[in-house]
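A.B. asks: For reference, the chains in residue letters:
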Amino acid sequence: MSGHLVSPNLFELTRILMDGILRILSDAIKALAPVGSPVEPLRGLGDAILTPWLVDLLSWLVAITIMVTWVAAILLLTFMWIERKTYSRLQDRYGIMLSVWSLPFWPFSWLARRRHKPTHKGLGWLQNVADGVKLVQKENITPAKADSAMFHTAPVLIASSTVLIFAALPFSEGFVIADVPLSLLFILAAFSLAPLGILIAGWSSNNKYSLIGGMRAAAQLMAYEIPLLLAVIAIIFYSGTLNVIGIVKGQEVPLAYLGPIAIPAWNILSIPQFLGFVVFFVAIIAEMERIPFDIPEAEAELVEGWVTEYSGMRFGLVFGFKWLRAIAGSALVVILYFGGWSGPVWVTLTPTVGATVIPIPIVPHEVWFLLKVFVVFLVFVWISWSVPRVRIDQILNIGWKRLIPLSLLALILAALFVLFAPLPGGIR
Amino acid sequence: MAEFWVNMGPQHPMTHGLWNMRVKIDGETIVDAEPEIGYLHRGYEKIMEVREFQKNVVLTDRLCYVSSVTWSHAYCLAVEKMAGIEVPPRGQWIRVVSLEIQRVASHLMWLAAYGPDLGLLTGLLWALRERELFLDLLQLLTGARMNQNFPRVGGVRNDLPPDFDKYCRKVVNHFMKKLDEYEDLMHSSKIFLMRTQGVGRISTADAIDWGVTGPNLRACGFDVDLRRKEPYETYEEVDFEPQVWRGADGGDSYARFACRFGEMRESCKIILQAIDKAPSGPYRAKAPRRAEGEGFARTEDSRGEALFYVIGDGDDRPYRVKIRSPVFCTMAATPLMLRGNKMADVVAILGSVDVCVGEMDK
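In order, the protein sequences belong to chains B and F.
Using the working numbering, the first residue of the first sequence is number 1, and each one after it goes up by one.
Using the working numbering, the first residue of the second sequence is number 1, and each one after it goes up by one.
To be clear, the hints were calculated from the coordinates, so they are not data collected in a lab.
Check each hint, because a few of them may be wrong.
[Stated by the list, open to error] When the alpha-carbon atoms are kept at most 16 Å apart in a straight line, the in silico EDC-like pairs for lysine to aspartate or glutamate are as follows:
hint, chain 1, residue 1, chain 2, residue 2
1, F, 170, F, 132
2, B, 401, B, 225
3, B, 208, F, 236
4, F, 277, F, 236
5, B, 30, B, 47
6, F, 286, F, 86
7, F, 229, F, 241
8, B, 208, F, 86
9, F, 178, B, 92
10, B, 208, F, 241
11, F, 342, B, 393
Chain F on its own, in the form it takes in the complex (with noise of 0.2 Å):
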């Protein structure tokens, strides 16, 4: 058979949203690929700049909109360095509890995902079981399930819920638990393991060249968790494991599955510590309307590492924002990966890169 090209997408049940995999296939061997994207860019650098400081946190909710809370923390964080605005303790303490459970909120979506990915219908179903009870926490917590508008300049919009304590050692205990199930779903199956282990296949040298970061590029094996080397709110406080891994062949579909689905459980860990170290206080600092100077703040996302830089001219609005986002520079790398395996790794492959194309094309 020639080789052709197929279009993946943008109507495609491979692709979690509006982009397009080209890959040229020689009979069932990939031979080249092409993602093509920018189907979904709303040109969000862009309608930042005339809007207000405290405006666009609804704005960059919508950036990944499974993962709302880390990316408009990620905004405020780097207006709060512009303008030199202190978060008081409570305040980092309830942002790193809503980032966590929207960490495993939106890893439980990639697990989702994933399941039908491979023809197994039944992870899409047990997973989102279980990522109700985490936007229940959220929802708890914020108000909303989706496109929650949670972080502020300055702090958090509310206090923690009364009981909020109890409903998260409820929901995690629970959650432990089920772990165990996924992993007898997953891990421990056979057919799953030939499916991922050895796929798309990176090195760590060409993952970091094509600026692959986050969960991805700790499945080669290279310890960059921002939390740990560039610690943000009061994550050095904190007491978790990093997700590396640390086999020797790494940086394959496997080791990326792996290291989310111990994220999970480090994430857990994470809300129950916070919850207990918060202290009483104010949650939220006042913030100046206008500001001048250049913030820069770089957090851990669900997907790799979230970069806003935000420039104020002393106007209340914006001069200029840059969005860095992972899936951006991820999706540069995947035809890497792509190459020389069969047509059906594509899905194996770029559902465990996690793609959320809101972010991607911005």
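Same shape as in the complex, but just chain B (with noise of 0.2 Å):
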């Protein structure tokens, strides 16, 4: 029994939903013109609007809408929420507090004022809407001597090719847009166009910071491409397949028993895979362009850097970019290494239901997978916040002579890993 909430997929789920919503207008259309009203012929729509094809593509528009809005709203606003909140406390402060309370309107105000609320006191998650809002707001300033064309092309591609990552990007079995064979392959490729966007809004941009930045990016972003991919190349041997829901059933198995416990057999608990762990951590961290591998915006010397002259909900683009960035880094390093959304207690109540047994799931896999990606992101967060930023050539230094050897030697490993199998002890 699959655990997963969204079952059996997305696509299906939604389908159903679409199919029952056109039935019902059909029916509505035919009632309001019954055969031989004036309006007769609009009976024709009704049964058009139940075309397989039609019903496929709409519902196709709706998973497509449910998961941008799922992504792009919901799950970045919580990550900036995260991070804001985190690394508040870890500099001895409450951080942001914005509640429904502070809302300036009735009813919150009117009901504030009359229970006594503190109105700035609360979690805080609302600041990032009341951020959004703020940069919605704003002028949109465009540079006298940039070039206009491309300037306004790079936010659309920066972010496009980033919200592309999750048209491939489980979020559990069934939680997915489009569940291709080379899935994994797509994300990483996805992932990958942002550093072109992030180079022609440097150059665009007519300015001397933002031009530094961009190239920075550039050649930050190549250099680390690279142990990424080998150490994914790693983990390719291991799963056999490139589809990411392949790589995480791979880890579903059990890898040894502690008694009644079953420790599955994640990517992370394996010599080679360790290693090209390590190796995709801070390959990942570079990727997502933050501190300690912030240079491409590194404020102190580079004003913002590429984003310098961004201005308005265009700057709120290329600088929010950056989370869903992280949301997808986050839950790659979940999908790899830590079993992805199979959880380490799978706990299932089949309670009888007339004649039929129910398996019921505690804990759905979308829960177990977001609270992994959770968890790994708040690393991220505590890394960025503890340490300072690295030097360009450093980042290049290590990136070229460190993570790439530690990169190939993983390969090598899991190659004769899997070449000498069943090695004695189980080790692997």
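Both chains are given apart, each in its own frame, so use the hints to dock them into the complex.
C.D. replies: See the structure below:
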């Protein structure tokens, strides 16, 4: 029994939904245009909207909308909130505290006053919404000497290529838009499209800081793409598939038993993959442009790097996409090394409803996955806010001289381990 | 890529204040650098000629707004030497206390600025958190958090408040523990060492030639603590270790960092000794209104050697005042430190020399 909520998958779920809605709509049209009435030809429309390809198309659109809303609105804001709240606590302060009681209009302001609610002592999740609203209101300034077309294309390219990742990135076996055979390759390809946009943004701004930032981004992201992919190849030796769902399935089997507790065969629990994990983890921090590897927008020396000239919501796009990449990066770490959505303790209840036995998942796959992703992201945040920024030459040194040899070692070890699979003692 | 000039300032996150560092870069490497200063020039030396001796203390407070007491103290010292005023011992000890509290507060402000320079925002908030305690001490002593207007020609404005030694001990003991935390955050961070070690190196000979003083010169391994070499007030009676870089390869950002960092510990020691040793008695001598002659005083400011040269012509205002600002001289030497380093090192170097634009532009 699969333990995921979105079952059997997102598309099927939305298709059932769409089918129901369209049937009701069709019936309504037919009821409004009875046979013999002057609007009788409308009955043809009622039949037409039940055409299978139309239902399929609408279902796809709805599925995509659900995914984008989930990722780019809910999850993105949550990630921002986690980061801002966590680093605030690291820095001995409360951080964002805007709550629904802070909203300056009825009924919230009215209720807050009546119930003597402190208006700025909430959890602060709404602060990011408020920041977004502020950014939308601001003026979009295009520098006079900027290459206007490219300047405006770059944020779109960056944001859209990042959203593209989530076309193939699953949140559980069913919570995925497209389960393609080479989904890992697709995800990594979409992941590495953004540097192109960053370079365009840096160059077209006609600003020295932006240009240096763009060049730095290109150099850094290129250097870290290679160890990232090499570490992924080491994974593929073990999983034998480039499908992320397949990779997670490969990790669900038990590795060993500690009494009644089964230890799953997570990739991190093997020697070569642990090496690969170290490489992947460092490289993904660089790919996400987080401190200590955030030199493309090192605000100390480059003002804001390649983001300098953007303003208004365009700035919001290029600034917020970092968290989208953080979601994708944390999710990739979880999928590749921490068993994806498979929980370490999996409990099902089997009550009998009438004659049928229904296994009810206590903790669904999606929740396990999100929990793991949040923990991985918290580690990223923890690292980001406790170390300084690394210099450009040091970053490239780490990438080319440390990570690539280490990832190659992981690759060779993984190949050897696969070749001599049944090692004594079950070492893998 | 061709070489081009990049303005780092006057409106730039790197500059703590209003000034401009122009760097000529070839790719990422700095070929040449050129500080542009004077944005904050207020004509101090001229303004001081038209104000009475005592009223100038208010002005000298504003020379460096993060290290007010040390600057007005240097001025008072010069006027006292000119007029031949002897400060009573208690006044001298209170001065030492306030100077060292101010030094720690100033160094903490530098540490707070150095963190975000290197991309470590946590350092900023941690350092400002402890700076608050020292500002509280200063507020207790002088009544103000900034621009304290505390030293007077002939002593200090007021006596130590009751229980001041108790508060001092509490703050210093707390701060000593927190300093270990900073060490974990900075000294023992591999990335911090990567960013600071070996960048912005200046040789001892060059540093002396260009007039670099204070912690920046001590970081080259040259022992020039004026509190030891030319003791003023009661510094000869306190026991402290001037922070000099003892290692082989000094003069880099890390050495400057280490010297300043160690100085905070030493200042805490001086504070504790000074509040114990302060004798009872008057804290301020009557200063004459008019004075004639030449007075010259140099002190160990938080950023280097502060020098005041005051001439009086028998009037109640100085005839001429000359200020030697340590940052002004250090700034001339920064192109030497910058050349050949990477662009990201500009912040690692200029953050470590501790720029205060107020005193630099006078």
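A.B. asks: Hints first: check each against the structure and report whether it holds.
C.D. replies: Right, here's what the structure says about each hint:
1. F/170 <-> F/132: holds (14 Å)
2. B/401 <-> B/225: At roughly 14 Å apart (the allowed maximum being 16 Å), residue 225 of chain B and residue 401 of chain B satisfy the hint.
3. B/208 <-> F/236: The hint is violated at about 52 Å.
4. F/277 <-> F/236: holds (12 Å)
5. B/30 <-> B/47: holds (9 Å)
6. F/286 <-> F/86: With Cα atoms ~9 Å apart, residue 286 of chain F and residue 86 of chain F stay inside 16 Å; holds.
7. F/229 <-> F/241: holds (12 Å)
8. B/208 <-> F/86: violated (57 Å)
9. F/178 <-> B/92: holds (13 Å)
10. B/208 <-> F/241: Status violated; Cα separation ~46 Å.
11. F/342 <-> B/393: holds (8 Å)
Checked against the numbered hints listed earlier, the structure breaks hints 3, 8 and 10; every other hint is satisfied.
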